[in-house]
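Protein chains: 2
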Amino acid sequence: MQAEIIAVGTEILLGQITDTNSPLVARLLATLDIDTYYQTVVGDNHERLLSALDIASKRADLIITIGGLGPTPDDLTKQTVAEFVNQALVEDQPALAKIVDYHEQTHRPMSDNNRLQALYMADGEPLLNENGFAVGCFYANPTGPDVLLLPGPPWELEPMLVKHALPVLAEHYQQSGMLLSRVLRFYGIGESRLVTQLARLIDDQTNPTVAPYAKAHEVTLRITAHAQTKDAAIKLIDEMEVEIMAEVGEYFYGYGDDFSLEACVGELLINSNLHITAAESMTAGLFQSTLGKVPGISQVFDGGLVTYSPATKIALLDIKPALIEQHGVVSEATAIAMAQGAKKQLAADIAVSFTGVASGELEGQPAGTVWIGLAFQDEPVEAVVYHFGTERQKNRERAVMAGLDMVRRKILGLPLVAHK
Amino acid sequence: MQAEIIAVGTEILLGQITDTNSPLVARLLATLDIDTYYQTVVGDNHERLLSALDIASKRADLIITIGGLGPTPDDLTKQTVAEFVNQALVEDQPALAKIVDYHEQTHRPMSDNNRLQALYMADGEPLLNENGFAVGCFYANPTGPDVLLLPGPPWELEPMLVKHALPVLAEHYQQSGMLLSRVLRFYGIGESRLVTQLARLIDDQTNPTVAPYAKAHEVTLRITAHAQTKDAAIKLIDEMEVEIMAEVGEYFYGYGDDFSLEACVGELLINSNLHITAAESMTAGLFQSTLGKVPGISQVFDGGLVTYSPATKIALLDIKPALIEQHGVVSEATAIAMAQGAKKQLAADIAVSFTGVASGELEGQPAGTVWIGLAFQDEPVEAVVYHFGTERQKNRERAVMAGLDMVRRKILGLPLVAHK
Chain A
1 MQAEIIAVGT EILLGQITDT NSPLVARLLA TLDIDTYYQT VVGDNHERLL SALDIASKRA
61 DLIITIGGLG PTPDDLTKQT VAEFVNQALV EDQPALAKIV DYHEQTHRPM SDNNRLQALY
121 MADGEPLLNE NGFAVGCFYA NPTGPDVLLL PGPPWELEPM LVKHALPVLA EHYQQSGMLL
181 SRVLRFYGIG ESRLVTQLAR LIDDQTNPTV APYAKAHEVT LRITAHAQTK DAAIKLIDEM
241 EVEIMAEVGE YFYGYGDDFS LEACVGELLI NSNLHITAAE SMTAGLFQST LGKVPGISQV
301 FDGGLVTYSP ATKIALLDIK PALIEQHGVV SEATAIAMAQ GAKKQLAADI AVSFTGVASG
361 ELEGQPAGTV WIGLAFQDEP VEAVVYHFGT ERQKNRERAV MAGLDMVRRK ILGLPLVAHK
Chain B
1 MQAEIIAVGT EILLGQITDT NSPLVARLLA TLDIDTYYQT VVGDNHERLL SALDIASKRA
61 DLIITIGGLG PTPDDLTKQT VAEFVNQALV EDQPALAKIV DYHEQTHRPM SDNNRLQALY
121 MADGEPLLNE NGFAVGCFYA NPTGPDVLLL PGPPWELEPM LVKHALPVLA EHYQQSGMLL
181 SRVLRFYGIG ESRLVTQLAR LIDDQTNPTV APYAKAHEVT LRITAHAQTK DAAIKLIDEM
241 EVEIMAEVGE YFYGYGDDFS LEACVGELLI NSNLHITAAE SMTAGLFQST LGKVPGISQV
301 FDGGLVTYSP ATKIALLDIK PALIEQHGVV SEATAIAMAQ GAKKQLAADI AVSFTGVASG
361 ELEGQPAGTV WIGLAFQDEP VEAVVYHFGT ERQKNRERAV MAGLDMVRRK ILGLPLVAHK
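Listed in order, the protein sequences are those of chains A and B.
Counting in our numbering, the first sequence runs without a single skipped number right up to 420 at its last residue.
Counting in our numbering, the second sequence runs without a single skipped number right up to 420 at its last residue.
Simulated from the structure, these hints should not be mistaken for laboratory data.
Just so it is clear, CB atoms sit at the ideal spot from N, CA and C, and this is done for glycine as well.
Check each hint, because a few of them may be wrong.
[What the hints assert, rightly or not] Here are the simulated DSS-like cross-link-like pairs (lysine-lysine), alpha carbons at most 25 Å apart as the crow flies:
(1) B:K58 to A:K293
(2) A:K58 to B:K58
(3) A:K293 to B:K320
[As the list claims (entries may be wrong)] Residues from chain B that keep clear of chain A, each with C-beta distances beyond 12 Å, as calculated:
(4) T143
(5) T220
(6) E250
(7) P321
(8) Y386
(9) L416
Next up, chain A with everything else stripped away, as it sits in the complex:
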C-alpha cells in the first residue's frame, strides 16, 4: 500500500513557510501500514498540480493533497483534483450551513468564494473540518488511485486527519495490525562506527527495521516493528533490542525521542539525591547551564563556579599557585584540584571540573585537549583526558557531553569512560 503526499502551496515552494504537515501525515499513515515513497511540493498552479497528480497516479495507490482548499483565487486544489479524477463537485450541506451561520453572526458579507469551501467530490465522502470552513474529502476511485484532500492550516489538518480521515482510511483499506517504534540513544560512539558494528542487523532489516540517526554528539537508533497486536510488536522490538545491546550496549544511555544525556543525568541525580556542582574553565558555564535545562534540577544543583582564568581558579577554588605553575592549567593535577575545590566550596556530593584548550593552543597543547575531573563523595578524585577536534564551540559541547557521561557512569558504577 503506497501513498504519495502532494503539498500544494507557492509559499512552501518559496520557502516562506516550512511544511510540517507532510511529516505529520506520513507518521500517521505509518500507523495504518501505509508507506510513502515520494512526497512532492507544488505551487498553486493548475497545470503543474495536474502534472504532479499524473506522476503520482503512476506510483501510488492513494494520493493525499494538502492545502489549497480555501476561498481565495489561488486555492485550486479541489477543482484540479476533481478534474483529474473526473468527479463533479457538490455542496456539503452541514459545511455550507456553518459558513452561512458564521457570516450571519459576524455580520460579514458572504461572497460566492466562501461557498466553494463547502464543496466535495460527488462520489466521495466529505470530512468535517472542526477548526475551519474548508471541508475535506476522501474519494475511493474505482479506476485509479484513491484521493484524500486535506486542508493546509495545521490546526485544521491535524484534527481532520486524526478524527475523520484515518478512521475512513482504516475502514476502506481494512488494515489489520499496527506499527510500533522505539528509540534507543547512544553516547560515545559515532554513527559510522555504530552502523559498522550493527551492519548485520541494519542491512538485513525487514521487520523490525533498524534506522540510525546522527544527532549532535550522539546517535539514536529507531526500531520499528509491524505486527497484528501491540504485544506482538513489542516482542519483536524487545528481541531486536537484545541483539543491539549485545553489540553496542555499553554506549546506550536511554530511550525516547525527547530524552537527552542531561535529562538522564538529572534523573539519576534526583533519584539518588546526590548534589552536584562544577568548576568550569574552557566550558565557561556550559555544563551547568546544560544541567539547568532539566526541570527540577534545583533539588540537587545549588550552583557552582566558572573559573576561566588561572587567578580565579586560585581565588575561588583555593588551588595553590604552585600546583598550576608546576603542572600547567590544562593538566590532570589542575582538573583534580578544581573538582576537589568545587566539591568543598559548594558542599556537594559530586563535582565535575573542566580545563582544556577550546581553540588555538595553550601551554603547547593543541585545541581539543580537555581534562575532566570528577570528585565523587569520599572516593579519590579522578580525571580523564580527551582529544576532541579544532572547533571551539564543538569542543566545548563535546566536553560537556563527556562530563555528563562520566557522572552517569559513576552513579551507575560503570567504568568512567566507554571502551574506545
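Model the placement of chain B on the given structure of chain A, informed by the hints.
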C-alpha cells in the same frame, strides 16, 4: 531558470524529521532569481532516487539534492547522482586529509566508509563542508541539468550553501554583473513587527531585495543587490540600508551571517578592556558559556558564579539573608545585590546578574519573569524586569540575550533597553 529540490532521506518520508532545508534552499535560490516549481522528498533508495532525478531532469535546469552524503550504507545520493549524470567520483584531497586528521587526533579507527565522504564528481567542483566531513559538489552538466549536492544536517548545509555553493551558482548563471548581499542583525524586535514596519521596503523590493529571517531570539535582514560592478551593488545596498535604519535602526546591532550578539559584546569588551563577570541563577551559567563562545574572551573574562539556590547566593555573593527574605529571590533588590556581589568577588568592571522563573511558578511570580542586574564601574547598579514566555529553555536563552544587549547598550551609552 528553474531548479528542483530533491530532499533524500527515509527519515523525512517517515515524518521522523521535518525538512527545514528545502525552504532555506528555496529562499536562498530566490536571491539568485532561481525559482523552484517542484520539490520532492524521496527515501534512501537507489531506484526511486534515479526515478526522481529522471522526472526532475525533464522539468528543471538545475537539480539540487539534499542529504545522503554521509558514511553509512544508506547514504547513496552521491553515487546515484554520479551514475545519473555519468560522472566518475574522485577524492577531494583536502576533505580526505580532514577526515584522516580527525581520526588520528581522536584516536578513532577510520573505516573505508569514512573515505566516501571525500568523494565528488570528477568534472564538478567540490564544495567545502565547514561543519562536517561530507564534501558537497556542483557539476555543470553539458548534456542535461546541472546538479548541486548538499549535505543533510542543517548546520552543514547552511554554511556550505551560503559561503560556497551560492557564489558558484551566481558565477555560473549570472553571465554579466554580480550579486552582492549584506546581512543586518537586529535584537529586541520580533519578525512580524519588523516586517510590518518595513512593509513598504520589503513588498516593493526588486533590486535590491530585502529578505527577513527570524533566527533564535533575533531577526536578520538580508539585502541583496544585482549590479554590473561591485561598487554599483554596494551603492544600492547602502541606499537601502539607510532607509531600513531610519525605520528600525535602534534595534540594529551588527552585520554579517556569522556575527552574533555575544560576538558584538565580546568585541566591545575587548576593545574597551572592560572585564566582565556574572552571577547567574535561572540561567545557570548560560550567559557565561555564551560569552565563552567568543574567541579571545579570556582577555576580559576571568570567571564568575552560578548561584542557583538562595544559599549559594548568600554564601558566594555575600548577600544578606534578610534581603532575600524581605524582597524574594526574583526581585530587583536581589538582582542588584547579585550584580554588586559578583563585581566585587571577581574585581570586574561589569557584572551581570540573572534571577528569574524559568518554568512553573516561584514566589507567586509566573514563568518568564526575569530580573537582570547590571553593575558598571562605579555607577549605581541598575536592574530591569522582563516578562518572557512559558518555555523553560527559551526563557533562559532570552534572558541571556537580554543581558548581552544591556551590556552592549551600557558600553555604547544607549538606553539600557530599546523602546518597546
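*List, from low to high, the hint numbers that the structure doesn't satisfy.*
1, 3
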